[in-house]
Each structure stands twice: as C-alpha cells, then as structure tokens.
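Produce the entire structure from the sequences given, and follow the hints as far as they go.
Taken in order, these protein sequences are the chains called D, R and S.
First residue of the first sequence: 1, per the numbering used here; consecutive thereafter.
First residue of the second sequence: 1, per the numbering used here; consecutive thereafter.
First residue of the third sequence: 1, per the numbering used here; consecutive thereafter.
Because the hints were derived from the structure by calculation, they are not lab data.
For each residue, glycine too, the CB sits at the ideal point set by N, CA and C.
Stretch-level coverage of chain R by chain S, calculated; a stretch enters the list once three of its residues show a Cβ under 8 Å from a Cβ in chain S:
1) 19-32
2) 38-48
3) 51-63
With a Cα cut of at most 20 Å, we get these calculated SDA-like pairs of lysine to any residue:
4) S:Lys-206 x S:Gln-13
5) S:Lys-77 x D:Ala-298
6) S:Lys-129 x R:Leu-41
7) D:Lys-142 x S:Phe-150
8) S:Lys-95 x D:Leu-118
9) D:Lys-40 x D:Lys-116
10) R:Lys-55 x S:Glu-105
11) S:Lys-77 x D:Thr-253
12) R:Lys-12 x R:Leu-52
13) R:Lys-60 x D:Phe-191
14) S:Lys-95 x S:Tyr-30
15) S:Lys-129 x R:Asn-19
16) S:Lys-129 x D:Asn-245
17) D:Lys-96 x S:Asp-147
18) D:Lys-142 x S:Asn-154
19) R:Lys-68 x D:Phe-191
20) S:Lys-129 x R:Gly-40
21) S:Lys-129 x D:Thr-253
22) S:Lys-194 x S:Thr-72
23) D:Lys-192 x R:Asp-63
24) D:Lys-192 x R:Pro-64
25) S:Lys-47 x R:Glu-37
26) D:Lys-266 x S:Pro-76
27) R:Lys-65 x D:Gly-208
28) S:Lys-35 x R:Ile-15
29) D:Lys-39 x S:Gln-99
30) D:Lys-142 x S:Phe-144
In case you want the letters, here they are:
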Amino acid sequence: MHDVYVSGENVITSLGFTIEENIENIRNDVTGVRLRGDKKLFPEDFFASIIDSQQLDREFHSPEHKPDFTRFEKIMICSAEKALAENTHIDASSEKTIFVISSTKGNIDLLEEDKKILFEPDRVYLWKSAEIIAEYFGNKNKPVVISNACVSGVLAISTASEMLRSGWYNHAVVIGGDIVTEFVVSGFQSFKSLSFGPCKPFDLNRDGLNLGEGAGTILMTTRKEALPKGAIIKVLGGACNNDANHISGPSRTGEGLMLAVTRAMKNSGLTAEQIDFISAHGTATPYNDEMESKAFSAAGLCHVPLNSLKGYFGHTLGAAGIIESAIAIQGMKQNILFKTMGYSELGVTEKISVVDRLTEKTQKYIVKTASGFGGCNAAVILEKL
Amino acid sequence: MEEQELIEKLRKEIIQQLNLEELKPEDIDPDAALFGEGLGLDSIDALEIIVLLEKNYGIKIEDPKEGKKIFSSIRTLAKYIMDHQKAQ
Amino acid sequence: MLITKTAHIVDNQVLVNGNILYHNEEAIDYKDFIKSTFRQLCPAYPKFFKMDNLCKLAFLASEVLLKDEHLTEKYPKEEIGLIIMNASSSIDVDKDHQQTINSRENYFPSPSFFVYTLPNVMLGEICIKNHFFGENAVYISEHFDADTLFRQVNLFFNINRMSACITGWIENNGTNYEAFLMLVEVDLKVGDLKEICNFAVPEIYKLFNRQ
Numbered sequence: 001m002h003d004v005y006v007s008g009e010n011v012i013t014s015l016g017f018t019i020e021e022n023i024e025n026i027r028n029d030v031t032g033v034r035l036r037g038d039k040k041l042f043p044e045d046f047f048a049s050i051i052d053s054q055q056l057d058r059e060f061h062s063p064e065h066k067p068d069f070t071r072f073e074k075i076m077i078c079s080a081e082k083a084l085a086e087n088t089h090i091d092a093s094s095e096k097t098i099f100v101i102s103s104t105k106g107n108i109d110l111l112e113e114d115k116k117i118l119f120e121p122d123r124v125y126l127w128k129s130a131e132i133i134a135e136y137f138g139n140k141n142k143p144v145v146i147s148n149a150c151v152s153g154v155l156a157i158s159t160a161s162e163m164l165r166s167g168w169y170n171h172a173v174v175i176g177g178d179i180v181t182e183f184v185v186s187g188f189q190s191f192k193s194l195s196f197g198p199c200k201p202f203d204l205n206r207d208g209l210n211l212g213e214g215a216g217t218i219l220m221t222t223r224k225e226a227l228p229k230g231a232i233i234k235v236l237g238g239a240c241n242n243d244a245n246h247i248s249g250p251s252r253t254g255e256g257l258m259l260a261v262t263r264a265m266k267n268s269g270l271t272a273e274q275i276d277f278i279s280a281h282g283t284a285t286p287y288n289d290e291m292e293s294k295a296f297s298a299a300g301l302c303h304v305p306l307n308s309l310k311g312y313f314g315h316t317l318g319a320a321g322i323i324e325s326a327i328a329i330q331g332m333k334q335n336i337l338f339k340t341m342g343y344s345e346l347g348v349t350e351k352i353s354v355v356d357r358l359t360e361k362t363q364k365y366i367v368k369t370a371s372g373f374g375g376c377n378a379a380v381i382l383e384k385l
Numbered sequence: 001m002e003e004q005e006l007i008e009k010l011r012k013e014i015i016q017q018l019n020l021e022e023l024k025p026e027d028i029d030p031d032a033a034l035f036g037e038g039l040g041l042d043s044i045d046a047l048e049i050i051v052l053l054e055k056n057y058g059i060k061i062e063d064p065k066e067g068k069k070i071f072s073s074i075r076t077l078a079k080y081i082m083d084h085q086k087a088q
Numbered sequence: 001m002l003i004t005k006t007a008h009i010v011d012n013q014v015l016v017n018g019n020i021l022y023h024n025e026e027a028i029d030y031k032d033f034i035k036s037t038f039r040q041l042c043p044a045y046p047k048f049f050k051m052d053n054l055c056k057l058a059f060l061a062s063e064v065l066l067k068d069e070h071l072t073e074k075y076p077k078e079e080i081g082l083i084i085m086n087a088s089s090s091i092d093v094d095k096d097h098q099q100t101i102n103s104r105e106n107y108f109p110s111p112s113f114f115v116y117t118l119p120n121v122m123l124g125e126i127c128i129k130n131h132f133f134g135e136n137a138v139y140i141s142e143h144f145d146a147d148t149l150f151r152q153v154n155l156f157f158n159i160n161r162m163s164a165c166i167t168g169w170i171e172n173n174g175t176n177y178e179a180f181l182m183l184v185e186v187d188l189k190v191g192d193l194k195e196i197c198n199f200a201v202p203e204i205y206k207l208f209n210r211q
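Written as structure tokens, this is what we have:
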C-alpha cells in the first residue's frame, strides 16, 4: 500500500482562473454570485456564479491543429493544464498517470436546438468528453468517469486515491467540472430550490441555493519526491453511501451522511476528536443544511469548526467536491479557516460550529463532505504532515 | 365550471401528471388527504401539482409551503382553482 | 469474491443465471415491455410507475436479482454496495426535460423529469426499496467494460468498503436498453449452497455475452 499525496491544485470559477486569485477574493469577502439576466439561461433573473467567458477565451485557445472544444471541455482542460504547468514532476501522458473525470451533466447544453449542429451527436456523452480531455494531454489510459450527482467530486478524489494506494498508477489527474445551463437552471427552479438572493449556508434565513459553474483539478501522486516544496497533504480514507430515504430530499436524520463520515474516519484510522475542520456541503437549502447538522452531531463533530464555500462560487455540482477540497487544502497549508460567506446566525437544530470569520487554525486532519440527489453522501479525509 | 365537474377533471389530470398508473379516477376520494395518509404523495408530487396549476389553469404558486395547504385534498384544490379563477 | 447470481434484461427477455425467466413477446415497445414485465414478475410498488425509463430498468433488474436473497439479513446494510456502469447516463429523460424548456411559449419544466436527470438516481431507487446504505458509484463508459468494473469493485472489497455488491451494466439511450446485474459476495455463510463462479473478468464477459 502506498501513501497518496496531493501534488497540486487549480480551480476555475467566477472568482478567477488560479487558486491564488480565488483565495485572494475569498479572503477579501468577495463573492462571485451575481444577479444574472441572461434570458437564454432562464426567463427571469436569477442569482448564479458564472465564469467570465471572455477571460476563458483569453486563457484557452484551441490549438490550430486541434478541433474545437465545448465550454465544458475548455474549463476542464484549462484547469488541468494550469495545475500541471505548476507541477512538472507529473507527466500527464505517462501510462502511470490516470485521468479521473467528475461531472454531473458535462456537455448537456448540446441538447439545445441551436447547439445540436455544432458537434457530433456522441459529444453529449461524458465518456466522449473524457476521452477528448485525456487525449488533449496525450494520455492513452482510458479515463475513469464518475457521474454521481453532487458527490462526484469527493468520490473522484477518494476513488483516485485508492487506485494510487493500490499501486495501479503513480499519478492521478482528478478534474471535476460543470457549467450553468438552461437545462440545470430550469430544473432547479422547478424544484423551487434556488435562493432569491446570494445564498446563506446554515443561516436562519437561508432560502435556497445558487448555481455556479466551475472546474477544479487535484493532482495526486505516490511519489513523495515529486511534491513541490512546502506543506505536504496526504489523502487518507473515504466513503460513499446512500441515505435510502428519498431520491431528492435528504434524510431527516442525516444517518447516511453520518455513516459516510464515520466510515471515512474509520478507514483513515481516526476518531472524531482528531478532526480539526469540516469542509461541509452547505448548499443553503432548508433541508440539506439541517440534515448535515444532524449528521455531524451524530458523528460527534459538533465542536469541530466547519464552513461552506457555496456563498463564494455557488453550487458547482460535479466540480464542487474538487474545487472546495482544493480551497480547503490551501486553508490547511496557510493554517486558516475561510469564513462561510452569507452566514450570520445559526439556523439549524444542532449546535454546530460554523466559521463566520477568517480564523487562524492549524489543521492536521480535515474531512470534506458532499451530499446529492439520489440520496448519496460522500466523505474523504485529508492530512497535513 | 361546477365544483364536481372540476373534481372529475382534476382526478384525471393528477393521475396523468403524477404517473399514478395503478389508479383510476374513481379510486381517488375527493376528500381524502393527498399527502401523508390517503394517496401518500410526496414533495416531488407537490411540485408537480404546482406545475399542473400553472400549465392547465394559469395559476402561479411561488412558495411550495403555501402549496401544501391548498393541496390537502382534491376538493380543496378544486375550491382554490375556482376562487382564484373568479378573482382573475 | 463470488458471483452468486445474475439478472439480465435484454431483447424483451428476463434471464436469471442465464436462464430465461420470462419472455415478453407481446410488448409493443420498451414502455409496454417494462411495465407489463414488472407487473408479471414483481410485487406491487406504485412508485415504480413514477420512475423514468432508466430507473424502471434498473429497478426491475434489481428486483429480479434480489428475489429471495434477503441481503440485509446476511450483511450489515452499510456494507451492501451498488456499483453500476453505463454509457448514456440519463440521456433518455434528459431529452424529455429539454423538451419541456425548448419553447418559451410552452415552458413548463417538470420536477418529476428533472429529478431523474442524474444516472445515480437509479441507485437511490434500489437503495430505498431494499434499505441499502452502502457504497454507491456510477461509472460512465462507452461500452460495457468488465476490466474497469472488476477493478473498481474489487478495490472497494479489498479496502473493506463492502461485503456484498450489486454491480453491472444498466444502459438505456432511448433506442436500446440492457440491464446486466451480478450479485457479488465476499463469502458465503455456512449452509449456502449456491454459487456461480469467481468474480473475475473472463467470467463476467462470459455471463454478459450469455455464453
């Protein structure tokens, strides 16, 4: 069994195209959630976090000898490219490197009438985008594609780490992404789960989520010598499971998430007392946040500071687990906890410890959690050496 | 439209909109609870009834919590539609 | 690990352990096939009729596979996993949802379509019915890839994340459908007589190809 380390990260969100830009904005209380009046996305104005398209065009150019890429593929490739550029020890084209892709809907906008003709019919399938992304980097291994609602990102990190731990590969490029589309906005609207303003995770007055688009990359390796200088982050155990309660509503008891968290801790050889921080899912819907508070309480984690980052970039679906883990990793490296944007007063039953301001804290072990449609929950533990 | 006529129409529409395939319109008691006991509809069904109200009757309900009160039975739903359409 | 049972739904047939359990020759299309077959083979479950085509396929396959297995009596509920692969995600109902928003004049997105526009919801429906709280994952692959599926399932078994697993291929692209499920168990309890074969790639392909 090999130890698995994080050797680099990147995120692309409305707050920027680098980790540094995103962190700078988070530290300065800047949110990327705005009122959007794009009638192509939805007939009425709505709050969302959208990547700057002009900047995307500047940052990503289709190489002339290569074909066009979709918006989804561009943010995925751009994110991975930036992460790899800063971590040249990882050879993306090596047979000892595996690409793990996480997304809920990928190129779903290609179902729109005016977009159908832009690309071949197969392009709407995630296996096809994943192939194109891996090919871009010259990687010949078949990418592993995970599509498991909003836990996809956390599950991708955990799955990639186990593949490396078992010695199948030396390196993993884990990329998660989703774009804001009419498909998704209209769907969440039909569920009446969108907030009427910037979202308020765990807050008394929370009223729903904001959608966001983004891509995140986490590079992993078993080669300690390939790590950049500075703090070393290890990926420990994880777990994923089902609430077995309802396909869209979270369990009222939080049993599923509690089990995922306790199993992840057990798989990492840890107890609740050793956890220093929780990067929670915190979508700011009335039911999700309540469920999470119950789960964390049942797992013995009420005293552990937690945050949600959804107030900065919205809910980025298949990217959420990756983007939020990358930010949490920065928090570990810098010994700080980022505040929960949008939160002011606790609005859940259990007395959990929501971080409401930038706080200095050394963290040795943190847990990243996610929950999603279909009743799934996932958790993964990270360690700072 | 008379209340009874509207109730008959709603029974058919609810079965169709909510995919209650194993039920016939006459199986739905107009005064039985739609949620919890009775038909045992869930939160997604409540949202679908909101869509039905807008699509077939032009009535918009923004807050799903408001919906649950209106939808306690087919008869309360029918009464709500008749009241709201009178007001228009 | 052993494959202790299989269920296969394809070409209007339902097979268990490779033997035809039911051949629905009269069904005129998929919708007709899946509903009439469910009524024929399974106990009543009204929620079935609210599911989209992919979930109906997954649910029927799981009911056939799990009949008389009583898995939650043999294994802790949090150790029963569901690891499924497919090619088209939820494309069939995705197109249904897209239809409801194509025209601004007739714009009525439906939550009962949208809720199914994620491939892992089929795992949710199976878990709800059977009270499984274990590992869940959906992998997307252009074709049924037993090598990848075997490796991932084996990995989860080896790191003690599961004791039993329902795994396989559940695919519906609106034109073609196929469900192939295997029940994989770590060890059989004393008194269990059944087993089919080792959980291994050549065996998986033989079963999938009905050889």
